[in-house]
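Peer 1: Take these sequences, add in the hints, and give me the full structure.
There are 2 protein chains.
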Amino acid sequence: MIDARLVERLVDIVGPKWVLRDSNELHVYSFDATPIVQAFPDVVVMPGSTAEVAEVLKLANDHGIPVIPRGSGTNLAGGTIPVQGGIVLNMTRMNQIYEVDEKNLTATVGPGVVTGEFHKTVEAKGLFYPPDPGSMRISTIGGNVAQCAGGMRGLKYGVTKDYVIGLEYVLPNGQILRCGGKNYKDVAGYDLTRLLVGSEGTLAVITELTLKLLPLPETKRTLSVFCTSLVDAARIVERTISARIIPATMEFLDQATMRVVDDFSHLGLPRDVAAMLLIEQDGPEEQVVRDVERIVQIARSEGAVDVQMAKTPEESAKLMTARRAALAALSRLRPTTILEDATVPRSRLAEMVEAIIRISEKYQVQICTFGHAGDGNLHPTCMTDERDEAEIARVEQAFEEIFATALSLGGTITGEHGVGMTKMKYLSQRVGEGGIELMQAIKAAFDPNGILNPGKVVAKAFRPRMVVRQP
Amino acid sequence: MIDARLVERLVDIVGPKWVLRDSNELHVYSFDATPIVQAFPDVVVMPGSTAEVAEVLKLANDHGIPVIPRGSGTNLAGGTIPVQGGIVLNMTRMNQIYEVDEKNLTATVGPGVVTGEFHKTVEAKGLFYPPDPGSMRISTIGGNVAQCAGGMRGLKYGVTKDYVIGLEYVLPNGQILRCGGKNYKDVAGYDLTRLLVGSEGTLAVITELTLKLLPLPETKRTLSVFCTSLVDAARIVERTISARIIPATMEFLDQATMRVVDDFSHLGLPRDVAAMLLIEQDGPEEQVVRDVERIVQIARSEGAVDVQMAKTPEESAKLMTARRAALAALSRLRPTTILEDATVPRSRLAEMVEAIIRISEKYQVQICTFGHAGDGNLHPTCMTDERDEAEIARVEQAFEEIFATALSLGGTITGEHGVGMTKMKYLSQRVGEGGIELMQAIKAAFDPNGILNPGKVVAKAFRPRMVVRQP
Chain A
336 MIDARLVERL
346 VDIVGPKWVL
356 RDSNELHVYS
366 FDATPIVQAF
376 PDVVVMPGST
386 AEVAEVLKLA
396 NDHGIPVIPR
406 GSGTNLAGGT
416 IPVQGGIVLN
426 MTRMNQIYEV
436 DEKNLTATVG
446 PGVVTGEFHK
456 TVEAKGLFYP
466 PDPGSMRIST
476 IGGNVAQCAG
486 GMRGLKYGVT
496 KDYVIGLEYV
506 LPNGQILRCG
516 GKNYKDVAGY
526 DLTRLLVGSE
536 GTLAVITELT
546 LKLLPLPETK
556 RTLSVFCTSL
566 VDAARIVERT
576 ISARIIPATM
586 EFLDQATMRV
596 VDDFSHLGLP
606 RDVAAMLLIE
616 QDGPEEQVVR
626 DVERIVQIAR
636 SEGAVDVQMA
646 KTPEESAKLM
656 TARRAALAAL
666 SRLRPTTILE
676 DATVPRSRLA
686 EMVEAIIRIS
696 EKYQVQICTF
706 GHAGDGNLHP
716 TCMTDERDEA
726 EIARVEQAFE
736 EIFATALSLG
746 GTITGEHGVG
756 MTKMKYLSQR
766 VGEGGIELMQ
776 AIKAAFDPNG
786 ILNPGKVVAK
796 AFRPRMVVRQ
806 P
Chain B
336 MIDARLVERL
346 VDIVGPKWVL
356 RDSNELHVYS
366 FDATPIVQAF
376 PDVVVMPGST
386 AEVAEVLKLA
396 NDHGIPVIPR
406 GSGTNLAGGT
416 IPVQGGIVLN
426 MTRMNQIYEV
436 DEKNLTATVG
446 PGVVTGEFHK
456 TVEAKGLFYP
466 PDPGSMRIST
476 IGGNVAQCAG
486 GMRGLKYGVT
496 KDYVIGLEYV
506 LPNGQILRCG
516 GKNYKDVAGY
526 DLTRLLVGSE
536 GTLAVITELT
546 LKLLPLPETK
556 RTLSVFCTSL
566 VDAARIVERT
576 ISARIIPATM
586 EFLDQATMRV
596 VDDFSHLGLP
606 RDVAAMLLIE
616 QDGPEEQVVR
626 DVERIVQIAR
636 SEGAVDVQMA
646 KTPEESAKLM
656 TARRAALAAL
666 SRLRPTTILE
676 DATVPRSRLA
686 EMVEAIIRIS
696 EKYQVQICTF
706 GHAGDGNLHP
716 TCMTDERDEA
726 EIARVEQAFE
736 EIFATALSLG
746 GTITGEHGVG
756 MTKMKYLSQR
766 VGEGGIELMQ
776 AIKAAFDPNG
786 ILNPGKVVAK
796 AFRPRMVVRQ
806 P
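These protein sequences, in sequence, are chains A and B. Residues 336 to 806 (the working numbering) are what the first sequence spells out, left to right. Residues 336 to 806 (the working numbering) are what the second sequence spells out, left to right.
Misleading hints may appear alongside valid ones.
Copies of the same chain look alike in the list, so a pair counts if it fits in one copy or across any two.
[Said to hold, decoys possible] Straight-line alpha carbon distances no greater than 30 Å define the calculated DSS-like cross-link-like pairs of lysine-lysine that follow: (1) 393 to 352; (2) 547 to 760; (3) 438 to 547; (4) 438 to 555; (5) 795 to 460; (6) 795 to 393; (7) 555 to 460.
The set of hints was computed from the structure by calculation and includes no laboratory data.
Peer 2: Printed below as a string of structure tokens:
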């Protein structure tokens, strides 16, 4: 527990209004979007400036108090759970868009800016920020950068790390530093910008971000493709890429997900097909039209039973929204929904999806699979009940086998959700003990006292203060 | 000096043919493409496999012997000079292209593959590897990755780090590790792949690389634009980007460079204009045609005295080759040519070029400027004579002022050449003492004994063993 005098010091730094202590408030910060895991912070602090962040960190560092930076808490790997208590640093007050620089095609923002709001702001100027994680309507840019969030446009446009070119950050000792800037080319020393992206709040607290922008694509078209077999769907993805066409989006939904999504969104999707691909291409009009025609040909020649082109932007938007609603739709089925993030090289997609089905049958658990087929990033999603310990045990065995399979196919244990606390046990299988030791040494270089988001990513040991959430 | 017994151990590891000791051979490895700096290695070792690299490193690490990894030695910041002697590790034997994976759009190669050869190989399959550093005809992919090489296509396509998705590397203790792979999305722990890119051989020895490829653009067009003022040229670059057009290439040559290039390449360039822009757009036919028309309009409306479109691919190639020959052409003027690498945000281009002219007059030194206008990466190039100490002193003062100006404009001390040894004195002005301390701690995490490329990038102290090269 943090003693009262320290809490008073925190109040002095950020003001009484921005230090939350009451148990209802602490409860709100005891979980994120990850099921089952939960732990209570001692206090929640909402800094309003970089200087305040620096003062809070210095105080915490001097007293060895854990600090867990947090945006909207949409994390799916327990990354923002205060497993050792301490201070949850809620960054959402630092939500200014400082600049959209139309000459250099950059934007400079605070970490608390909501991703979807940022999209609207830059798109109103004819500019484009591609990363579009599923939670973008509520997630913050700071959280996206801490996690290196992905999304549906990764195939063509890459992920968050490909758009972060400058950062202001604060070390645990309170030192305020900058790396990168507005220069597209900059090789002055090691690339600390890229190292901080995806470091999940374990190395430093990011207080300002400079992001690279693109011109907004002129137009886009959306196709839905229905297949009677997963292999057909996977082959359509492969053949499209082999035809040297890189769509902005190639989303995959299996039959179970399609049905649930259709019940939820009433799109009138066919109930009897094995898989659906949602394909979107953007760019200059002529190219989009030509690419879409080519994709339709490929889909038909690879046995798609039906191919539909959205007739209006509204219809496209409706389809994409339905896909984005997959998690919400699935989560209505059972009390607990576990959304996972196994990723394989694109060419191993069908094998992976078939393995997931086999594994779910083997352990008698209900797993639906959807995800980003274009970049091999799948989201096997398990509908279960955290109160049923026997079933939860089977679910964990199933996911263990799913990750082992992904690794055996040259894949990874997480494509875009991060390691947080729930993936720690798999990390050494992916990066090896040697890789973990290097990462631990890097962590020690930034955070010698280990106060930043302890018990996460490459933590050596951690004392969880965990309770199963009461439904 | 390395004693004879250790040399014998090296011979046992790689075979007698691959250990070079004779003084003529050592002389070849005593310099790279950087003028003035030179130092002799004790021995040159050419490993043929990752296992051999690991054995050599372990031996060197156990005996505290410096190891300097090197490709073709085209470095321009003294990055491959063995300033403390030791072993130059020539990686050029590991030059296999192991795989071009057309399904996942990746290639897996050895570090010794020559960049230009790699371009040919993937382009023959309709694929595209955008990084195109000036030295690409002889530089190696391993060297490009160690330096995070840039090139002419950075504006639209980014630089080397944007295409490296997996690495095999060896730590000084001989441990062989892998990071990344073929997954476009992978957030399993800190991004060691990106950290190793641009680490200039100071953290680990890269032994295998997995690179991301794109479809080869359908077509391209090349424009030359001639302006009577630098400001006009800069405004044409700005207005093009503001019009949401991102050309593949926007190269800039000042009058002095143009004249020298023309004398060298006989292109019949106008002698009286202040600046030339070489603009190339690639992509689908219709878009390229439309973009080029738009750029021509912008150029004319911004006072370009002449705009010419290359009529044939050969003519385009000739123009680009002439631009690539700028350094070779300039180097004929005086005994010593110092090519620098100051970079500013695109919008500060004109200010920077004017400052360079002012500074060269102030110190009475001859500096021509050319470079990558699209991404603000300029190459002020000084023609001097290393035998004239007084002039070299003025040259150093001039460059110090040029870098200070770049920093004051929000720029950086190196856009694509790296820190090596010649930029170390400027690094703290760019990243701050705090940034340097972090980088030193990261270096210590990988290389606790400091054997890898000592005296470079963030070296705390180094005993240079330097002689001025005899012309």
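Peer 1: Now tell me, hint by hint, if it's right for this structure.
Peer 2: Hints and how they fare:
no.: 1; hint: 393 to 352; result: within (21 Å within a copy, 57 Å between copies)
no.: 2; hint: 547 to 760; result: between (34 Å within a copy, 29 Å between copies)
no.: 3; hint: 438 to 547; result: both (12 Å within a copy, 29 Å between copies)
no.: 4; hint: 438 to 555; result: both (25 Å within a copy, 24 Å between copies)
no.: 5; hint: 795 to 460; result: neither (46 Å within a copy, 46 Å between copies)
no.: 6; hint: 795 to 393; result: both (23 Å within a copy, 27 Å between copies)
no.: 7; hint: 555 to 460; result: both (18 Å within a copy, 28 Å between copies)
When held up to the earlier numbered hints, the structure conflicts with hint 5 and nothing else.
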